[in-house]
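A.B. asks: Residues per chain, in single letters:
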Amino acid sequence: MKEVISNADFLDIINIVKLQYGYDFTGYAQASIKRRLLRFMGHIGLDSVFELKYGLVNDQDLFSRLIQYITVNVTEMFRDPGFYKSLREQVLPKLAAYPNIKIWHAGCSTGEEVFSMAILLQEAGLLSRTKIYATDLNPANLERAEMGILPLDNMKDFTQNYILSGGLADFSNYYTARYDNVLIKKELRRHIAFFQHNLVTDKVFNEFQLICCRNVFIYFNRELQNSVLQLFFDSLSSRGYLAMGLKETMRFADIHGKFETVHAFHKIYRRKE
Amino acid sequence: MKNRFDVITIGGSAGSLLVLTDILDVVPYHLAAPVIIVLHRLRNVQSEMGRLLSSKRRIIEPEDKEPVKEHSIYLAPQNYHLLIEAEKTFMLDYSELVNYSRPSIDMTFSSIADVYGPRSLGILLSGANKDGAAGLCQIIAAGGRGIVQDPETAAFDAMPQSAIQMCDGVQILSIEDIKKIIIGET
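Chains E and C supply the protein sequences, listed in that same order.
Quick note: the first sequence, position 121, residue 121 per UniProt numbering, numbers continuous.
Quick note: the second sequence, position 35, residue 35 per UniProt numbering, numbers continuous.
With the rest of the complex left out, here is chain E (with noise of 0.2 Å):
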């Protein structure tokens, strides 16, 4: 990581996979992306940002590499189990009131926290009533995320979280272990729908009740953030829920004031009428 991209490098980077694959990265934070960029070049074996941008102007193989390679796809089952214990205990009792519920997962990497959300939801007896609308922009993470399969090793810490979430159940009623992996239970998964979805350029498609969008703000700058959240304000259903990651918060937006705090430290906010 010894190498830097420069300012004039890192707006060609950004450009080349603006205008010839449709991305747009301007308004992300420039000390991650920087990082995974020369992560990725170290990956791969690339010397120079030269020969880096020559191969995405060049090989759409590379920039299909680069787009798995610098999104995060770090992710947990219960991730942050006080979260979901208050979603639990604040947010589903409220939801109940719904004949229909649609919940959106903005940002859901290969589907853990959202087959999490499946969980609590059969719980409280609300999953038959919802759907969940589960986006990601990195195809290959919806592509591993609709087949449901993880692997056993991660199994233990997942249930340590299920319980510490306040889940009562045996966390191993929720999948069918297959040598190394497990497959998430069908009756858990019938009621999530995944599909690509850009936060950056893509619009507003339906109303819900519940957005989730956890550990995703961070990877933004402050105008992106605004935007963003404005498409959320835009898609909740008035006085709906919207869940943020414990270290993002709403005090630098300028949208803040139209929402309403109903878990400060587990950021879960209210959109105002």
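Among these hints, one or two may not hold up.
[What the hints assert, rightly or not] Partial selection, computed: residues in chain E whose CB lies under 8 Å from chain C:
1. Phe217
2. Lys247
3. Thr249
4. Met250
Quick caveat, the hints were computed from the structure, so don't treat them as lab data.
All C-beta atoms, glycine included, are put in the ideal place defined by N, C-alpha and C.
With the hints as your guide, set chain C onto chain E.
C.D. replies: Coordinates of chain C only, in the frame set by chain E:
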């Protein structure tokens, strides 16, 4: 007198807690440079690390996009890497572990080297792995000052030792001397 450093950053792992509280005890209230601490911590267990580190000073676990302020002591939150943007705001990053760690000391040090260059002071304390060594070397390469706790006095010497081996220009100091340097910054 103008301070030499615009930021002081301290990294530590196993065996660093006591020396770190010792150092924080002498950080003067009128020290302008922000102090940014990265400690290896348990990932999914809530902890009151900030309060543990200092009974006198408020230790802030920054949120994303929070401006880096003078006269403040910051601690990298659990389970995120802590980076600094060019406009001197914090950026939280939830990407892969680096050196088996999140937060990774290397990530923060390296980002501080990029943003503050010669006006950064990096201090690496006791620890049982090599996280922080490469970052400290980047601070030195950027013209900043890089100090390690004397491995002889460290409960675990792997961390300072790795930095000493990785690059030239690492200063080896006792905790007492490290405290003097921090006090001298005011």
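A.B. asks: Determine for every hint whether it applies to the structure shown.
C.D. replies: To see whether the hints hold, each was checked on the structure:
| no. | hint | in the structure |
| --- | --- | --- |
| 1 | Phe217 | 7 Å, holds |
| 2 | Lys247 | 4 Å, holds |
| 3 | Thr249 | 5 Å, holds |
| 4 | Met250 | 10 Å, violated |
Checked against the numbered hints given earlier, the structure breaks only hint 4 and satisfies all the rest.
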